[in-house]
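Asks: Sequences listed follow chains D and Y, in order.
Note that the working numbering gives residue 93 to position 93 of the first sequence, counting from 1, and the numbers run on in steps of one.
Note that the working numbering gives residue 34 to position 34 of the second sequence, counting from 1, and the numbers run on in steps of one.
Since the hints were derived computationally from the structure, they do not count as laboratory data.
Check the hints yourself; a few may be wrong.
[To be verified] Here are the simulated PhoX-like cross-link-like pairs (lysine-lysine), alpha carbons at most 20 Å apart as the crow flies: (1) K96(D) <-> K3(D); (2) K69(D) <-> K52(D); (3) K3(D) <-> K69(D); (4) K3(D) <-> K52(D); (5) K96(D) <-> K13(Y); (6) K3(D) <-> K57(Y).
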Amino acid sequence: DAKTTQPPSMDCAEGRAANLPCNHSTISGNEYVYWYRQIHSQGPQYIIHGLKNNETNEMASLIITEDRKSSTLILPHATLRDTAVYYCIAPNQGGKLIFGQGTELSVKP
Amino acid sequence: KAGVTQTPRYLIKTRGQQVTLSCSPISGHRSVSWYQQTPGQGLQFLFEYFSETQRNKGNFPGRFSGRQFSNSRSEMNVSTLELGDSALYLCASSLPGQNTEAFFGQGTRLTVV
Numbered sequence: 001d002a003k004t005t006q007p008p009s010m011d012c013a014e015g016r017a018a019n020l021p022c023n024h025s026t027i028s029g030n031e032y033v034y035w036y037r038q039i040h041s042q043g044p045q046y047i048i049h050g051l052k053n054n055e056t057n058e059m060a061s062l063i064i065t066e067d068r069k070s071s072t073l074i075l076p077h078a079t080l081r082d083t084a085v086y087y088c089i090a091p092n093q094g095g096k097l098i099f100g101q102g103t104e105l106s107v108k109p
Numbered sequence: 001k002a003g004v005t006q007t008p009r010y011l012i013k014t015r016g017q018q019v020t021l022s023c024s025p026i027s028g029h030r031s032v033s034w035y036q037q038t039p040g041q042g043l044q045f046l047f048e049y050f051s052e053t054q055r056n057k058g059n060f061p062g063r064f065s066g067r068q069f070s071n072s073r074s075e076m077n078v079s080t081l082e083l084g085d086s087a088l089y090l091c092a093s094s095l096p097g098q099n100t101e102a103f104f105g106q107g108t109r110l111t112v113v
């Protein structure tokens, strides 16, 4: 798996966009970037994944740089329920996810 | 459709005992992975099963084992429990294929006393 680096914590005001960065400079050409989040004591929740094009779904947008060395997860209108630990992962083996420490996002009123 | 179901949700065991945890994947998902989460080590990969065969294994001692049945349901077993095995054990299922998302259950909280 490619190593990923994320800031340990971030704050965001409710209603504003939350932009969570991730560096994955060692990612190889066929490795996707996945984002999961974990709300306290619950199982991780899949958010989005992408290879090289930007992706959007009902939860978030994923912006991947052209060189694929970094990406940004965007929650367009953060709510208090988005407070969680966000994990950026670049697995290279189907079912094996290597979780780092993630970014603890606090959404404040 | 139903999500990943893990049973039991909570468990208390004594040191030296053994424990079996169960995971029912989402219908149609044939890959099941297990993870251990502790405050000190975070989320760590235990093993992955696909079509009743272990396909990947993490760096855990042999006391941790698992299996998968023909209906894709999976169990993991921990023998000779130690205090350090107290953790949240999470199961995830996914469709076959390299680049598919994994869906996690709510976990089993194991406390070893």
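Asks: Hint by hint, note whether the structure agrees.
Replies: Structure-based check of all given hints:
Among the hinted pairs, K96(D) with K3(D) is consistent with the structure: their alpha-carbon atoms are about 14 Å apart, no more than 20 Å. Between the alpha carbons of K69(D) and K52(D) the distance comes to roughly 10 Å, so the proposed pair stays at or under 20 Å and holds. For a cut-off of 20 Å, the pair hint linking K3(D) to K69(D) stands: about 11 Å separates their Cα positions. Restraint check for K3(D) and K52(D): satisfied, since their Cα atoms lie roughly 17 Å apart, inside the 20 Å limit.
Pair hint K96(D) plus K13(Y) does not hold up; C-alpha atoms about 28 Å apart against a cutoff of 20 Å. Note on K3(D) and K57(Y): the hinted pairing holds, with a Cα-Cα distance of about 19 Å set against a maximum of 20 Å.
Checked against the numbered hints above, the structure breaks only hint 5 and satisfies the rest.
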